[in-house]
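For the record, the sequence lines run as chains A, B, C, D, E and F.
If you're matching positions, the first sequence starts at 1 in my numbering and goes up one per residue.
If you're matching positions, the second sequence starts at 1 in my numbering and goes up one per residue.
If you're matching positions, the third sequence starts at 1 in my numbering and goes up one per residue.
If you're matching positions, the fourth sequence starts at 1 in my numbering and goes up one per residue.
If you're matching positions, the fifth sequence starts at 1 in my numbering and goes up one per residue.
If you're matching positions, the sixth sequence starts at 1 in my numbering and goes up one per residue.
Hints listed in this document are in silico derivations from the structure and should not be mistaken for laboratory results.
Be aware that a few hints might be false.
In this list, chains with the same sequence are indistinguishable; a pair is considered to hold if it fits within one copy or across any two.
What the hints assert, rightly or not - Straight-line distance between alpha carbons at most 16 Å, and here's what the computed EDC-like set of lysine to aspartate or glutamate pairs gives:
id : residue 1 : residue 2
1  : 65        : 117
2  : 51        : 143
3  : 108       : 77
4  : 65        : 146
5  : 65        : 147
6  : 83        : 44
7  : 83        : 118
8  : 51        : 147
9  : 51        : 111
Protein chains: 6
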Amino acid sequence: MLLCNDPIKIREFITLCPPLISKQRREASRLYQTYIIMGKLINDFESYRTKMNDRIMETANTNIKRFFALDTTTYADGALDVKTKEMLGLVASMVLRCDDCIKYHLGKCHEAGVNHDEMNEVFMIANLVGGSIVIPHYRRAVEYWDELNSPES
Amino acid sequence: MLLCNDPIKIREFITLCPPLISKQRREASRLYQTYIIMGKLINDFESYRTKMNDRIMETANTNIKRFFALDTTTYADGALDVKTKEMLGLVASMVLRCDDCIKYHLGKCHEAGVNHDEMNEVFMIANLVGGSIVIPHYRRAVEYWDELNSPES
Amino acid sequence: MLLCNDPIKIREFITLCPPLISKQRREASRLYQTYIIMGKLINDFESYRTKMNDRIMETANTNIKRFFALDTTTYADGALDVKTKEMLGLVASMVLRCDDCIKYHLGKCHEAGVNHDEMNEVFMIANLVGGSIVIPHYRRAVEYWDELNSPES
Amino acid sequence: MLLCNDPIKIREFITLCPPLISKQRREASRLYQTYIIMGKLINDFESYRTKMNDRIMETANTNIKRFFALDTTTYADGALDVKTKEMLGLVASMVLRCDDCIKYHLGKCHEAGVNHDEMNEVFMIANLVGGSIVIPHYRRAVEYWDELNSPES
Amino acid sequence: MLLCNDPIKIREFITLCPPLISKQRREASRLYQTYIIMGKLINDFESYRTKMNDRIMETANTNIKRFFALDTTTYADGALDVKTKEMLGLVASMVLRCDDCIKYHLGKCHEAGVNHDEMNEVFMIANLVGGSIVIPHYRRAVEYWDELNSPES
Amino acid sequence: MLLCNDPIKIREFITLCPPLISKQRREASRLYQTYIIMGKLINDFESYRTKMNDRIMETANTNIKRFFALDTTTYADGALDVKTKEMLGLVASMVLRCDDCIKYHLGKCHEAGVNHDEMNEVFMIANLVGGSIVIPHYRRAVEYWDELNSPES
């Protein structure tokens, strides 16, 4: 549905909406399918990040581009493997309480094969070191991690 | 109204929407009643917090559960009363600039009977110690505090 | 359109929505015009900020009002000009990672005549000093800066 | 003793130092008496703070002086009493991890009659909200609090 | 030497000091031996930490003691091994810029067998995520890490 | 004097110390001359910074070296001049409360010709944005700025 990007409301709308606005209804159905396949939080985060990183590459100066390059090479496989580095990036992001950074590293940790028990231990270190002020970010991290681990993602 | 959860827009929609989509209209009316009774910001915060805390209790390891237990016992009545402790929790949340933590402790301060003049003095200490960077969070705190103190809440 | 304040979706809705709900359609058209003229992000930020600052002036105590007065006089033309001071306010807001403060000072920097190359050097200092944790805020800053510099703003 | 301001070392020096350098020895005895009466940490903090605040009042501009004035009036007795306000200032200082601010508010809490059990509950809220990263500051706070509560202080 | 705990100055003093103050000279020699064996920074950090943790265990309330217990169990071998957890604790401490926490986790990383190349990659992630504001802490971390890895430690 | 690096105590020692320990006395005189010429705080900061940066260049990996290179090029003359950039670096360092970073940028601001009135306006923005938690760092900044501007420096 064009007015809303919440999959639950979209499903409700499909049921409720009057027959005559059939074009909207088809659109709503189509969007809902997308969410089932992809996961709304992941999709929102990834699409905005990609859009703005593209814009940064168009507008940034050389130093900024070098800083972004460094951000990539730092997490490459080296003396420490990618999985360890991504957990390090995640815990740093959690104690500094940056939701987007947390989402990014959760995605990378998922790709690198961090399992549920390992992730819970990273979460605990972040909560302990950073304190209860981290808890709202931890809540959102659990929601995102769930989406990453849902069968459809 | 299924497409939107802003009570003002819901009321406008009820006035505007054509007679034939009556089911949506009834739903919108019902939702609007809820917002009148509860307050949208409070409702949004509380429902997400409850949902994710439930999920955390399903997924977390023992240490995380102990940390959450500690988060509860710390604010219990003791040498300092609950009202003082909740103001301490609030000022700490404000200088660390965590909106969700601020909402949580505003709710608890309201329950504990903190009045407007007292709350303004907590706000001032937070703004002074934390600096003008706290102001946007203070704005949102005032909005939430207003909602907590509205006759309908 | 009353149910949504995303200009792209509004435009799509105008195209899609059935002829009979003509009042909504007119309203949607009108809102869309506003967004074209003003810029959605700027509009959202400015209107909320104004609303809550008004509310603060109604409710705050004397010390808070003095603090807000100090927040104004600090950025006035003095030994340093307004342009330099607003860049100082911006870089401080970026390393402390406060999106609303960043938007505020981006608007003031734009008014004070900071150009693209200068802004990129402020962005770089913020990214360097504050680290990659600043990047998500930098993305949103670029989006807002683009809107400030779009021909319609 | 002129070369050292550690009371324990001063006492040891008095015992050890050869009879001929009697002037140093007398000076060491005198300094040691001061430390017994005042407490070294308190003395170091207070004397530096006073010295630099004096220098600031000589050099600062009007806005800075207003900011310092605001810092004083904010903690004055009002809707909340001084004791509560100083505990608020302390917990804010602890979660932001500023040792000098912690010392200042510990001193003020001591004057305002905060007792050991109350202080431990403030310490716990600071540790919980701010996390284990607060612990080194908590250690130094306990040391300073002990000095404030020692019979000689 | 009783007046000074800098091993280089102690050695210089031993060379310089006049024969008659032989007791001081013997003491200085003894202290210097200790520094050779142990490492001054490690010794200073460990002894203060132990002293104050002992004092905390004497004075703290039950919640604080539980928080300290949690701080221990969190880093125990589990789904993640001790080495990984200590690197997580270190990177969190570095981006939050707490020198004592950094020292503590450097010591634990050293015990857990983190090698130089691995440590440099942890350092880089901390510098990148936390920004150049981390550099002074990184300098002190390198100094401490060198001491941990010196043949005498 | 070998046991102490406080110039005031050194001068007192020179006056007090018994004639027989003449070698120490000469050394003390020499050191005191150095302090008169250089300024103790500047000397301490610069010498440690240089020593550890040298050690970092010996031990760091390629990414860290690139990060340090970026730290240099970022403050070079460009669309913004060095003076403006150094004030940006300073205000960022003050709100993030890093004493060593503050000292570094104070030194650079001094070289770039920032005058007292300008510096006070930078200090005010830092205090305002960062809050009263910045004040202890502001005190140390004033002390260092005084030393930079003393006739001997």
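Against the structure, the hints come out as follows:
| no. | hint | in the structure |
| --- | --- | --- |
| 1 | 65 x 117 | between (36 Å within a copy, 14 Å between copies) |
| 2 | 51 x 143 | between (23 Å within a copy, 10 Å between copies) |
| 3 | 108 x 77 | within (13 Å within a copy, 24 Å between copies) |
| 4 | 65 x 146 | neither (33 Å within a copy, 18 Å between copies) |
| 5 | 65 x 147 | neither (31 Å within a copy, 22 Å between copies) |
| 6 | 83 x 44 | neither (24 Å within a copy, 35 Å between copies) |
| 7 | 83 x 118 | both (11 Å within a copy, 13 Å between copies) |
| 8 | 51 x 147 | between (22 Å within a copy, 15 Å between copies) |
| 9 | 51 x 111 | neither (22 Å within a copy, 26 Å between copies) |
This entry does not satisfy hints 4, 5, 6, 9, going by the numbered hints stated previously.
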